[in-house]
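What follows is each chain in one-letter form.
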Amino acid sequence: MKKYTSVHDVADLNQLVAEAQHLKENPFKYKNLGENKTLGLIFLNPSLRTRLSTQKAGQNLGMNVIVMNLDKEGWALETQEGAIMNGTTVEHIKEAAAVMGEYCDIIGIRSFPKLQNREEDYNEELLQQFIKYSQKPIVSLESATRHPLQSLADLLTIKENAAAGKRPKVVLSWAPHIKPIPQCVANSFAEWVGQADVELVITHPEGYELAPEFTKNATVTTNQQEALQDADFVYVKNWSSYTEYGKVLTDGEGWMLTNEKLQATNNAKVMHCLPVRRNVELSDEILDGPNSLVLEQANNRTYAAQAVLKRMLEAL
Amino acid sequence: MKKYTSVHDVADLNQLVAEAQHLKENPFKYKNLGENKTLGLIFLNPSLRTRLSTQKAGQNLGMNVIVMNLDKEGWALETQEGAIMNGTTVEHIKEAAAVMGEYCDIIGIRSFPKLQNREEDYNEELLQQFIKYSQKPIVSLESATRHPLQSLADLLTIKENAAAGKRPKVVLSWAPHIKPIPQCVANSFAEWVGQADVELVITHPEGYELAPEFTKNATVTTNQQEALQDADFVYVKNWSSYTEYGKVLTDGEGWMLTNEKLQATNNAKVMHCLPVRRNVELSDEILDGPNSLVLEQANNRTYAAQAVLKRMLEAL
Amino acid sequence: MKKYTSVHDVADLNQLVAEAQHLKENPFKYKNLGENKTLGLIFLNPSLRTRLSTQKAGQNLGMNVIVMNLDKEGWALETQEGAIMNGTTVEHIKEAAAVMGEYCDIIGIRSFPKLQNREEDYNEELLQQFIKYSQKPIVSLESATRHPLQSLADLLTIKENAAAGKRPKVVLSWAPHIKPIPQCVANSFAEWVGQADVELVITHPEGYELAPEFTKNATVTTNQQEALQDADFVYVKNWSSYTEYGKVLTDGEGWMLTNEKLQATNNAKVMHCLPVRRNVELSDEILDGPNSLVLEQANNRTYAAQAVLKRMLEAL
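Residue numbers (the working numbering), protein chains in the order written: chain A, 1 to 316; chain B, 1001 to 1316; chain C, 2001 to 2316.
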């Protein structure tokens, strides 16, 4: 595997999930694989779960892990081709990526969209330039439009918790938030789960339609109650508008998932990628109740990352 | 050992000190003990000695160490039960602690008191919630009211430097500072040394009485000169008022330890947990002189942490 | 080797370069050498290449590496002897250095000049105090006046790319920048290359003369065109004025290296320590063209650091 940025980089989705599950049971089995290999993790935005789980995944495989918080360490990158760099950017991504490529065997990078210009964000310029200039295998640690390590962990979590012999109904349910949030987790979840053997329903208020390329295999409705009917899994997530790009169109009153709403489901398990704003996105009663899978999802992040890193190490 | 937050978590004080001393002589003897174990160190406040010494202690035991500076990385935690998180906190401690617990085998956490509300600080809510929600062994890297790794290192330092066959006189002597400082180092020192086979005297200006639960085994006096008489060790430390909570009541003129004052002692060794404000808390002549133990104390921090981590690893 | 702060700490320049080259070919050959040894890297200024390459060098030698970003972690150091520390500094360098010395076997430190007071900067007070008080081997990760790991990597790069049997002509060519930049890279390059078997020419606008102690073995001219004639290597770098200390005296129009200017050279290889401001210091066409060695230089930083650390480990 040379890059891991979306579901399209994965030829065999089920095998990759199975590999993550195998690593969860045998986390240290491949500890020699990463010996003398360096994993560089670059963050242009803060991270808790992603940093810790990917760092741990690399260590489980015996890698040396170097973390670089470019945002906090004041290293503003230039991304424009041909820029005359007489302003605030101190280094062009051409050099920064290529230099990281000299030091690292595999590179993970996190960046967020600015939510100002849709085309710019959806071009994934930063990620694409890193791939181009680093010349090393690149793992997306969340990009402007996708969060593929989260999605792999989510699929693993669904697989582990699905009832045997039944095609589960999975609902991606929009939730309120106090500020504009990227679409990447929702995009990515829809893209991944849409390729798995599940029934996918997406529900959100008017105006929150995701980009059509992500929702091809989903039923989309603005009727949350209908969507939740007989659901086996409810994935709760806020995102800002794609059509009126980056905007918050409603305060979302009534969209927060509660135990009452859960009654319409098939005793559904509830998922969220975290961090979650309690009693805004999701109620205390659900997060503290028996149906929540959020910690299992977070734990599975380690093995999702480990499966991807293992494949990259094998292909070095 | 499941938690290490105060002297009350230690059943056998003398054995733990002896264990730290043994590790100082054999730092790499137990390097296999921590293999494939992850130590997560979480800082909600800056740290130099604690971070380095605990990181080194974990590495000496073969652990993988992951450091998270939550304060600098902009991860504001919510601690209030039932909070509607529509403000500035991005994650509830319930999730943050539980997720860290998924990734780490042992967790160290540092937080400071706000010095605004005594009851709140002395309830140690953040530390208690971390213990409750992480479900993993927790080491306090300094909390609102105590600094138990410092105290263990201090006891080791006293043991190493005490004259044979004599019960030493140890004086905790308040010192001036320019701003309000927590009581935790003083509390903790009094609590630990009060359980050791020493004579403990605490001296401070009027109004700086520590909370009574910490000073049960100490003689307390506002007469510094009297306190210093025949002392074998003087532990110098500033703290703000406990009774007029968090206040600085005096500029402390005359309370800084000098060589002249040291003449009343039994050529006492001088201790301080560092960082120290030279010529405010403690004079150059003492810090640069032969009686200072401050570097030895700092060095002993590694072996104090290592003794605690070793016990936790053995109990996993 | 007990300290590595300038070329004067190196008895056998050619052998050290050869050692770096040997390590580049055999990076993991001495992995047992650093076992159970701790490398502490202290940054008082941000760093990308230096941090990553030195961290990697230490790991290649089997060391534990601990990074401390003192600037970002809010740990302001006092350096003045006898200071009454009632202001913003929280710890004296005497304690900070000595404590780091307790925890680390080798210490790397980066600090920049303030460019306010020449004598103060050129006294290298911070670096000298760290050497004095830490009592451990110290590697300069760039100081107020020199950048010796960069220079060693630069010499290795020249050696690898020089035509056999010919004494190469190396030109250090001043370049424009938008703000005052230290002289350290230029000083250090002149000092190192001046001791190698090359012809060294330095060219810069009037008023940018480096301190004479660094340029003893160089020809200096303000005529860039003349300097570039038949050059085999051009090292591009901005620096602020030494004589009118820290000042930017000109916008440097016409001094940026271009392919047109390169025609006067012997198809010269172009070097820069990075980060580089594209189209201000150096043109896109050169950085993206076949003559650029900038990535090779960055890569060689690892082996320069590794050669120095190896010698220090051998001398412990």
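Derived by calculation from the structure, the hints in this document are not laboratory data.
It cannot be assumed that every hint is accurate.
[As the list claims (entries may be wrong)] Far from chain A by the CB rule (all over 10 Å, computed), these chain B residues:
#1 Asn1014
#2 Pro1212
#3 Glu1296
[Said to hold, decoys possible] Listed next, the stretches of chain A that the computed footprint assigns to chain C, with coverage defined by at least 3 CB atoms under 8 Å from CB atoms of chain C:
#4 36-48
#5 60-68
[To be verified] Quick list of in silico lysine-lysine cross-link-like pairs, BS3-like style, CA-CA up to 27 Å:
#6 B:Lys1132 with A:Lys24
#7 B:Lys1024 with C:Lys2031
#8 A:Lys247 with A:Lys166
#9 B:Lys1261 with B:Lys1179
#10 C:Lys2031 with C:Lys2002
#11 B:Lys1037 with A:Lys29
#12 A:Lys31 with B:Lys1261
#13 C:Lys2024 with A:Lys37
#14 B:Lys1132 with B:Lys1037
#15 C:Lys2037 with A:Lys37
#16 A:Lys29 with B:Lys1031
#17 C:Lys2166 with B:Lys1031
#18 A:Lys179 with A:Lys132
#19 C:Lys2024 with A:Lys2
Just so you know, even glycine gets a beta-carbon here, dropped at the ideal spot from N, CA and C.
With a cut-off of 27 Å on the C-alpha distance, tell me whether A:Lys179 and A:Lys132 pass.
-> 33 Å, violated
Keeping to a limit of 27 Å between CA atoms, is the pair of B:Lys1132 and B:Lys1037 held or broken?
-> Holds, because 21 Å separates the two Cα atoms, which is no more than 27 Å.
Taken at face value, is the distance from the CA of A:Lys37 to the CA of C:Lys2024 at most 27 Å?
-> Satisfied, since the Cα-Cα distance of roughly 15 Å is no more than 27 Å.
Pairwise hint evaluation, A:Lys2 against C:Lys2024, where the allowed Cα distance is 27 Å at most = Given that 27 Å is the threshold and the Cα spacing comes to 25 Å, the pair holds.
Examine the stretch 60-68 of chain A: at least three residues should have C-beta closer than 8 Å to a C-beta of chain C.
-> The restraint on the stretch 60-68 of chain A holds, since 3 of its residues have a Cβ under 8 Å from chain C and three suffice.
Holds or violated: B:Lys1132 to A:Lys24, with C-alpha atoms at most 27 Å apart = Roughly 25 Å separates the two Cα atoms, so the pair holds.
Restraint status (C-alpha distance of C:Lys2166 to B:Lys1031 at most 27 Å) = 53 Å, violated
Is the Cα-Cα distance between B:Lys1037 and A:Lys29 27 Å or less?
-> 14 Å, holds
Does B:Pro1212 sit more than 10 Å from chain A, CB to CB?
-> 37 Å, holds
Does the structure keep A:Lys31 and B:Lys1261 at a Cα separation of 27 Å or less?
-> Violated, at roughly 59 Å.
Examine the stretch 36-48 of chain A: at least three residues should have C-beta closer than 8 Å to a C-beta of chain C.
-> Our answer is that it holds, as 3 residues pass the Cβ test (under 8 Å) against chain C, meeting three.
Agreement of C:Lys2037 and A:Lys37 with the hint, judged by alpha carbon distance not exceeding 27 Å | 20 Å, holds
Of the numbered hints listed earlier, those contradicted by the structure are 8, 12, 17 and 18.
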